[in-house]
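Please put together the full structure from these sequences, using the hints given.
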Amino acid sequence: MFCGIIRSVMLQQPIEDTHEKILATTTHLVAVYGCAGVSMRLVGKHVPIAQSVIYHYYADKDSLLKAMYDRANRMLGQNRQALPQPKSATKRLENIIRFQIEHAELVVAVLKYYLQYREDFAKQESGTLPEKAILHVEEVLEYGHQTGEWVITDLPTQSKILAHAINGYLLEYYPHMPTGKSARTLVNALVEFTKSALTPRS
1 MFCGIIRSVM LQQPIEDTHE KILATTTHLV AVYGCAGVSM RLVGKHVPIA QSVIYHYYAD
61 KDSLLKAMYD RANRMLGQNR QALPQPKSAT KRLENIIRFQ IEHAELVVAV LKYYLQYRED
121 FAKQESGTLP EKAILHVEEV LEYGHQTGEW VITDLPTQSK ILAHAINGYL LEYYPHMPTG
181 KSARTLVNAL VEFTKSALTP RS
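Heads up: the sequence shown is residues 1 to 202, going by this note's numbering.
Simulated from the structure, these hints should not be mistaken for laboratory data.
For each label pair, taking beta carbons as the anchor points, the in silico distance ranges come out as:
{"#": "1", "residue 1": "Glu16", "residue 2": "Gln81", "range": "18 to 28 Å"}
{"#": "2", "residue 1": "Lys195", "residue 2": "Glu20", "range": "32 to 42 Å"}
{"#": "3", "residue 1": "Leu135", "residue 2": "Lys181", "range": "25 to 35 Å"}
The list that follows gives simulated cross-link-like pairs (lysine-lysine, DSBU-like), each with its CA atoms no further than 35 Å apart:
{"#": "4", "residue 1": "Lys181", "residue 2": "Lys87"}
{"#": "5", "residue 1": "Lys181", "residue 2": "Lys195"}
{"#": "6", "residue 1": "Lys91", "residue 2": "Lys66"}
Heads up, the beta-carbon is just placed ideally off N, CA and C, and yes, glycines get one too.
Structure, rendered in structure tokens:
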């Protein structure tokens, strides 16, 4: 009876709210279980709404997952634009790494979607990452080169390596992400790892 009341209330919510809940729930489920582990039935169970409501918005699972991917990418891009831009390249690098960790659910959902549908993506020079996936890392490394904090000898390759180091960690450990002091320790470790891999200015 109680579950029936909840389902009834959810179905009466505004369209925008229901639509957002579907996409947010799908994002979480993909991040946890991967694309293969998510079904329309599972999404409906976790929102909770009837499957027919989901099919009102999306013809099938593939279209739902694509909408989830587009939304997650859009949110990540908007939030990255709001990051502060300190004069220190090391601080910018720290901000980027912390951002990835703090937005782990969105990042992991995007990565798992890409890994599932990578054959549908145009081939990029970066190889195994989707278009623009390393752009934010490239910008920070190039800035550090321009300010003299380090020397970049191969920007695309070094950016890809750093992106894999960060995202590989997220893929392996999400949803069991560090918080507080443990998160700060992880960020510092990744920053030091990156700095040690770059050729310092003499």
